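Visitor: Hey, can you work out the whole structure from these sequences and the hints?
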Amino acid sequence: MGNFEPVIVAFCCHYCAYTAADMAGSMRLSYPSNVKIVRVPCTGKVDTKHILQAFHKGADGVYVAGCLEGDCHFKNGNIKAARRVARVKKLLSEIGIEEERVEMITMSAGMGERFAQTATDITEKIRNLGPNPVKNIRDGQKQPA
Amino acid sequence: MITAERKPMEEILECINPYNRILLVGCNECVTVCAAGGRKEVGLLSTALQMAFMKEGRTLEVKEITLERQCDPEYVEELITYIDQVEAVLSMACGCGVQEIARRYATKPVFPAVNTKFMGASERQGVWSERCRGCGDCLLGLTGGICPIARCSKRLMNGPCGGSTKGKCEISPDVDCAWNLIWERLKALGLEKKYEEIMVAKDWRPSWHGGPRRIIREDMAE
Chain A
1 MGNFEPVIVA
11 FCCHYCAYTA
21 ADMAGSMRLS
31 YPSNVKIVRV
41 PCTGKVDTKH
51 ILQAFHKGAD
61 GVYVAGCLEG
71 DCHFKNGNIK
81 AARRVARVKK
91 LLSEIGIEEE
101 RVEMITMSAG
111 MGERFAQTAT
121 DITEKIRNLG
131 PNPVKNIRDG
141 QKQPA
Chain B
1001 MITAERKPME
1011 EILECINPYN
1021 RILLVGCNEC
1031 VTVCAAGGRK
1041 EVGLLSTALQ
1051 MAFMKEGRTL
1061 EVKEITLERQ
1071 CDPEYVEELI
1081 TYIDQVEAVL
1091 SMACGCGVQE
1101 IARRYATKPV
1111 FPAVNTKFMG
1121 ASERQGVWSE
1131 RCRGCGDCLL
1141 GLTGGICPIA
1151 RCSKRLMNGP
1161 CGGSTKGKCE
1171 ISPDVDCAWN
1181 LIWERLKALG
1191 LEKKYEEIMV
1201 AKDWRPSWHG
1211 GPRRIIREDM
1221 AE
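If you read the protein sequences in the order shown, they are chains A and B. Going by this note's numbering, the first residue of the first sequence is number 1, and it counts up by one from there. Going by this note's numbering, the first residue of the second sequence is number 1001, and it counts up by one from there.
If you are wondering where the hints come from, they were derived from the structure by calculation, not from laboratory data. Since we're looking at a predicted model, the values are computed, not measured. There may be inaccurate statements among the hints.
Said to hold, decoys possible - Residues from chain B shown here face chain A by an in silico Cβ test under 7 Å; the list is partial:
#, residue
1, M1009
2, G1043
3, T1047
4, A1048
5, A1052
6, I1171
All C-beta atoms, glycine included, are put in the ideal place defined by N, C-alpha and C.
Guide: If you want it as structure tokens, here you go:
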């Protein structure tokens, strides 16, 4: 696990987190390359199935980054996303996978620093959790006892 | 609609544990509307089950299909193409759908993935509540369109009982007293007199008390 580099999928809202990622770039802030960004028009567009599918395909962690509460461009997409994340957490724990592997985060477009910090924190948290147990099987590796 | 809720994952996993190839069948009718067993739920459960198997170092092949109606033989017939390729069937329809598959494919094990709950209506997004017990002798015309059989905890025919407080039932402050609702509704309709009429003891024979029921339309039945 020493060399474990997690793969993290971040579903980022075009109006906030994705722009914040851009901002982080403009500010020359570095964040781990483990985070793979998927731009979405609104986090309300992220379905429970998309998140679960990411884990099924081998992601070690997933986070959904939407607008601050009350700031959604589509009124309440971020609230819906938060509920879906909660549902995925429940589903994951039902099949014995740590629910901490998925998180809902909120930020505004101007929060470049928060974006970089979140990416770093989540990468570190997932690194400590270790690889997604499903990925181990998918890659034909042995499951740690 | 007939409402349902997904069974706990542990119970589903226990059912399909001996198998490696299953057919996961959803239904496009009631269970889709109550978000328990439509195409989307089939996709989610399929992925979750596959992940649970992978975690144990096993592989689960899942063929997903959502039928128009699982309680009708002509739609269940569509499974004929896949049935021989799988070891078992997991159904996300109500109990009627599960039984229809069991009847049609006599040698294939079939398991329910949902618990069928009740005949109900959408209260608001994500909330469904019981409205009908299928008693076979509808009395909604006498009670202002509110069913005391399905909605009164005691199924009282002449309510309310002493447990009705501020319009709520004594079993829970979240449950409306059906007889309070009936009274308010009759009042709004100017039909208070109906409330005064004493209802005689209900004949339960048209309900399940007469054994499993059946409807035969002679102009249609072959």
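Visitor: Can we keep the M1009(B) interface hint, with Cβ of chain A closer than 7 Å?
Guide: holds (4 Å)
Visitor: Would you settle whether the hint for G1043(B) is holds or violated, based on the nearest Cβ-Cβ distance to chain A being less than 7 Å?
Guide: holds (5 Å)
Visitor: Does the nearest C-beta of chain A fall within a distance shorter than 7 Å of the C-beta of A1048(B)?
Guide: Holds: closest Cβ of chain A sits about 6 Å from A1048(B), inside 7 Å.
Visitor: Measuring from the C-beta of I1171(B) to each C-beta in chain A, is the shortest one below 7 Å?
Guide: violated (27 Å)
Visitor: Tell me if the interface restraint on A1052(B) is satisfied: Cβ within less than 7 Å of some Cβ in chain A.
Guide: holds (4 Å)
Visitor: Does T1047(B) pass the interface check with chain A, least Cβ-Cβ distance below 7 Å?
Guide: This interface hint holds because 5 Å falls under the 7 Å limit.
Of the numbered hints stated above, the single one contradicted by the structure is hint 6.
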